[in-house]
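Protein chains in written order, with the numbering used here: chain A, -3 to 656; chain B, 41 to 142; chain C, 996 to 1158; chain D, 3 to 145; chain E, 3 to 361.
Derived by calculation from the structure, the hints in this document are not laboratory data. Computed from a predicted structure; not experimentally measured. A portion of the hints provided could be inaccurate.
[Stated by the list, open to error] Residues from chain E that face chain C, not an exhaustive set, calculated with beta carbons under 7 Å: (1) T70; (2) Y143; (3) I156; (4) I357.
[Unchecked claim] Below, computed lysine to aspartate or glutamate pairings styled on EDC-like, alpha-carbon distance capped at 20 Å: (5) D:K87 with C:E1132; (6) C:K1111 with B:D97; (7) A:K481 with A:E142; (8) A:K166 with A:E142; (9) C:K1123 with D:E88.
Glycine is no exception: its CB is placed at the ideal position from the N, C-alpha and C atoms.
Spelled out, the chains give:
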Amino acid sequence: MITNAILILLLPLAAFVVQISFGKRLPRKGDWLSTGAMFIALFMALSILVDAISTYESNKVLAAQTWEWFSFGSVHVTFGIVIDNLTAFMLFVVTLISALVHLYSIGYMHGDPRYSRYFAYLGLFSFSMLGLVLVDNFLGIYVFWELVGLSSYLLIGFWFEKDSASNAGKKAFITNRIGDVGMFAAIMILFSTFGTFDFDGVFAGVAAGGLSDGWLTAAGILLFFGAIGKSAQFPLHVWLPDAMEGPTPVSALIHAATMVAAGVYMVGRTFVLYSADALFFIAVIGTITAFMAATIAIVQKDIKRVLAYSTISQLGYMMVGLGTGGYTAGLMHLTTHAMFKALLFLGSGSVIHAVHSQEMDDMGGLRKKMPITFWTFLIATLALSGVPPLSGFFSKDAILASALEYGMRHSGQMWIFVIMLLSAGITAFYMFRLVYMTFFGEPADKKKYDHAHESPLTMTLPLMILAVFSIGTFSWGWFEHLISKPSLAAYGAVAAVAEHGGGHDDVAHTAHTIAMISSIVVALSGILLATTVYYWKKISAETWGSRLKPLYNLLWNKYYFDELYAATIISGTLWKSRFLAMFDLRVIDGVVNGVGRLTAGLSNVSGKVDLRVVDGLVNLVGRIVAYAGARLRTLQTGNVQSYLLMALFAVIILFVIQQF
Amino acid sequence: MEVGLNHYLALAAILFSLGLFAVVTKKNAVTVLMGVELILNAANINFVAFARFIDTDLDGQIIAVFVIVTAAAAAAVALAIVLNLYERLKSINLDEADSLAG
Amino acid sequence: MDFTNIAFYIFAALTVGSAGVMVFHRNVVYSAVGLLFAFFGVAGIYVLLAADFIAIVQILIYVGGILILLLFGVMLSQKLTKVDVRTESMQLVPAVVVVGGVLAVLLLTISSTPWKLAGSLEYEPTTKAIGRLMMTEYLIPFEIASVLLLAALIGAAYIARKN
Amino acid sequence: MLFNFANVLTFIVFGAVFVGINITLSRILQARNPHPVKLSTYECGELPEGDSWIQFNIRFYVIALIFLIFEVEIVFLFPWATVFKELGLFAFVEMMIFVFILLVGLAYVWVKGDLEWDKSTAVPDPALAPSAARQELTEAIAS
Amino acid sequence: MPVLNANLTLQAAQFANLPETLQTILFMVLGAAIFAGAAAVLALVGVYLERKISAHMQDRVGPMEVNTEIPVLKNIGHGWAQTLADALKLLIKEDIVPAEADKKLHLMAPFIVFAATLAGFSVLPFGPGLVASDLNVGLFYIIAISSFVVIGIILAGWSSNNKWSLLGAMRSAAQIVSFEIPASLALLVVIMAVGSLNLGDIVAAQAGGIHKWLIWWYPPFNILAFFVFFVASLAELNRAPFDMPEAESEIVAGFHTEYSGMKWAMFFLAEYANMFLVGVIIATLFLGGWTSPFGDFLNSGPFPVFWVTLKAFIVIFVQIWLRWTLPRVRVDQLMYTSWKVLTPFAFVAMVGAGIWMML
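Throw the hints in and build the complete structure from the sequences for me.
Set out below in structure tokens:
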């Protein structure tokens, strides 16, 4: 079991290393190498998943292995791998989607000058994502967290000759880093109190009450900051729409399924840490993100941006799920969302590949041209909107139920459920708007329409596989059984958070049924609205757009977040730098120049002094000596007797002096 | 008044100053030498006077003998020099012998 | 013994007078004669100071040796035309002042210092005692005196011979 | 002891007085008629001519010098002589050293020719040499 | 001189009433006067003797004519009063002092010379107690006094402003000076033998007959010393073979060329007194002084004085004898004898005697 895990982890790394160094010289530039590696990893992950399901025991740790990583002083940092049901699922999901994206990229990226490097970066990303999932300690998670960030930066900015791509890469990386700082702080708080990075160690410590409530909440929130950055939650979501600059398979893999889900996984993995307040905070953020992203998605013209905002919204959903205590719901939605969102992105990729443009205005009526893409796209959209038989419905419904339940338990928190319900409706609306604008209606650009053609098999095969998974093989029951909410009790916590202890009492049941009904209603109404506006053209989008001009502008400009950030942080930094420059220029330079001038002044003063005083003195001494010499010379008359006289005179003087 | 040590010393002092005066003022080299001899005599009087009045044994007198002997030697050499001076300057006036003037 | 006092004053007067003649007289030969009587006076003083051997030595060497030498010096270095050789003297005033000062200094010291008088040497012959002392206690100076004389002799002879 | 010296003094004074008496006596008695010629310096009758410039000659000085040095030696010798017998050999040796050193001086002066009275440096003038005939005569007499 | 003593005591009695010191002074002056008178008389006798002896040596008679009418003295004959007459003549003779001469020094010279000569007499012992001043440093004093004479001679030569007299003076001074060294060295032998400078002691050491005379002590060296001293003293007197300075044939009359009359007489008197002085010295030092040659016989009463004068006259006779026999010595030969003959002999005598005594 462990060897499989290690292999899964190292295969993409090996592929990356070989690809990056010998890529160009390999036949077909080595695309078969990384894709093959991923498919082997997929196969192994599948075997681990089968093991997990066959044992059918919730939260069972299948295997764990730790190695001595490094030690400084008395602290021994270990590095280990742990595989339990959650890891198994995640492994499966990541390897599956990664393999499919590799396959899809062969077709999509065909002819790209840096073809081999692209595959190398995909390998690196897969390695870091798998590592993140497998690792069993905070430091390890942080390391892989950064690696994931790095690979996303490389992939977003893959076509770095495009300014927008490189800017987007930088923006993504920096925003992630801002989040990571919070995460790092949290890790440090935990490490400094518990002295170890291991999850179990920390959780045992927390269970033992090693950390005061205030600090626990703070650690939880700070840890969640990392998730906000990585999963593009409310304040730090701005990078995801721009990340669309990268190639579409990349968006599909990273910005739909895996990386963004890492945040949710991390919260799930460290779920016991979060105190009630922290969970509430997560829920609030999740709600805000969901609603905001959904509303922006409505007005977007670019197909990938719509999907990006929908991803942000769905991530909000997952966060709400976790925040409101629906642990299993949140995680289940993660897996299902990964499947159909990857499908949607790959579908849009093939559309873009065909139409060579991302603007929905250029598209339309592609249904006939690209039947496979159309049908797989339609299935994914239905799943996303939460239409019952599909997997999306089950996970979204569970989240809404837990939100409702949370609302019922905590009086005054009902607004979360309401907003979530509304955003579910909006989701359905903009998804179908997208479908109609691309596949139905008249082709806006004739020439593009004629040129459009169905994508080759390498691109359509993954679409079909993903479509199968989106349909919903998942039933709520066995998934919930496998992945149930861990609690501090497992770690010996005495005062465990008891509100969900009662299992499925009546509150939960009623919340469940209400949530199911309401979600179906909302979904259908959203679909209906979309079709009336875009399919039957009863209501013209433009008139509503113009009538609700201010609202439209607001949404169109993405709530002016970019401008806001630009204004505050960026301009602030610029301003600060300008101030520093000015300060530096004026004060420091001033001081330096001042010192310079002072020294110069002093030196010429001393020069003058030296010239006048010292030279003067020296000359004076010279003159005195000369003068004295001249005077004394006369004393030497050459007459011995006068010398004697002088000597005697001196004797008398001495005698006189001696007397007094 | 009983002639004591002071009298002799006073006499010696007077002789000394007279000799000194001669040495300092006289132009004639030989007179200067005479002055020197007078000074030495004054010194000798002191010696002998001390021998008599103070340490009452003959040390003073022996020193006086040696002084006389040295004076003799000095006078001999000095006069030789003076004669040489005469040979060169055709006169033994000391004020003309000032070639070492500064 | 007022006789010795009188003798002292006589000899002192003789010495100082002749020394005065020697110093103030312009004629060198008169100075020489003055010096002669000064030496004779000093010899008398030695006699009064109970130093008979020294008195005779004084006469023998000073009068019989040095004075003759000086006279020879005078004779040999004068143009005989002008018998009375004028010897002017120079810088009189400063000399008088300075020598006066020195005299004052000497007299002052003499009068001010408390001499430790230890009686006086009685009058009795000193030749034998000097002879014995010379040979024992003062042997080294005695031998050095011989070397001194040798040097003086050779030196003076050499210098004299040079011209 | 004082008495003896007083005696010596009186002898000296009396000597002077005696001369004084005679001279004054003769001055009283003598005829006196000074005459320029009489008063001129006596030149064996000839007229005194030229200044009495003696050929400057150092040998008088040298003689006096040597005399002085040996006089001093004698001054040292006399007291030694008086106690010679009592002091014994050691004193004798010392004195011999003293005398020897001065003899060295004498030898030096002797060898250097300072003692010769006439520095016969003049080379006998051949012209003045007696003629050949004269030489034969002297030899004849000598034989 | 018993007469002398008697006379003195007589005088002393007379003046007993005077204060004691004045008495001694008077006594000394009297002694000095007697000696001066004796010296003058002896000098005159010396002159007379010299003229007579030299005459007889040259087979001639010498001064015969001068005589007096006084009965007793008249029949002595032989011109005994010749020198007396000369003295009286000199008394009257005009004393010429050259114009350019230095009057004062010219006058002073004879004073110094005669005073020095007379001073010599005070030390000579004429009898057991008969000595004017029994100086402990007697012999040394005699040598010292001779230097005064030299000064006198130089002054005489210098003051007469006559190049002959100056040259003469310089020469005689050089001569006396250079002969004084051998003389002194010779005396050393005597002092070493006797061990005292006092002439009285020296004579006492020689008492007891002719064989006791000092001349015979340490045979060769004392005789050598005697010989050296005798010759040196001759030279110091400017007499006999060494009378270069005032030799007639040479530079006129040496330093007393410009002297005449009484001053010249004084010089002449000094010279002969000096001669007598030397005679007595030699007698006392080498010939036993006032001791009689026959041991104790004839040794008492007036005899000591007699013996001294006899010995002195013998010495004088020899001197005069030498004067008229030996040819005059040239100046350089003079110096030669002094420095290169007599001084070495004297040193030899001294060293020899010294060593002899040591053994």
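Okay, the hints, checked on the actual structure:
Violation of the interface hint for E:T70 is found here, the shortest Cβ-Cβ separation to chain C being roughly 42 Å, above the 7 Å cut-off. Hint on E:Y143 holds. Least Cβ distance to chain C is approximately 5 Å, under the 7 Å limit. Because the beta carbon of E:I156 sits about 5 Å from the nearest beta carbon in chain C, less than 7 Å, this interface hint is met. The interface hint given for E:I357 is violated, since its Cβ lies 17 Å from the closest Cβ of chain C, which is over the 7 Å cut-off.
Restraint check: the Cα-Cα separation between D:K87 and C:E1132 comes to about 18 Å, which is no more than 20 Å; the hinted pair holds. For the hint linking C:K1111 to B:D97, the alpha-carbon distance of about 14 Å falls within 20 Å, and the restraint holds. For the proposed pair A:K481 and A:E142, the alpha carbon gap of about 27 Å is over 20 Å, so the pair is violated. Simply put, A:K166 and A:E142 have alpha-carbon atoms about 14 Å apart, close enough for the 20 Å limit, and the pair holds.
With a C-alpha separation of about 10 Å, the suggested pair C:K1123 and D:E88 falls inside the 20 Å cut-off, and the hint holds.
Going down the numbered hints, you'll see the structure goes against 1, 4 and 7, while the others check out.
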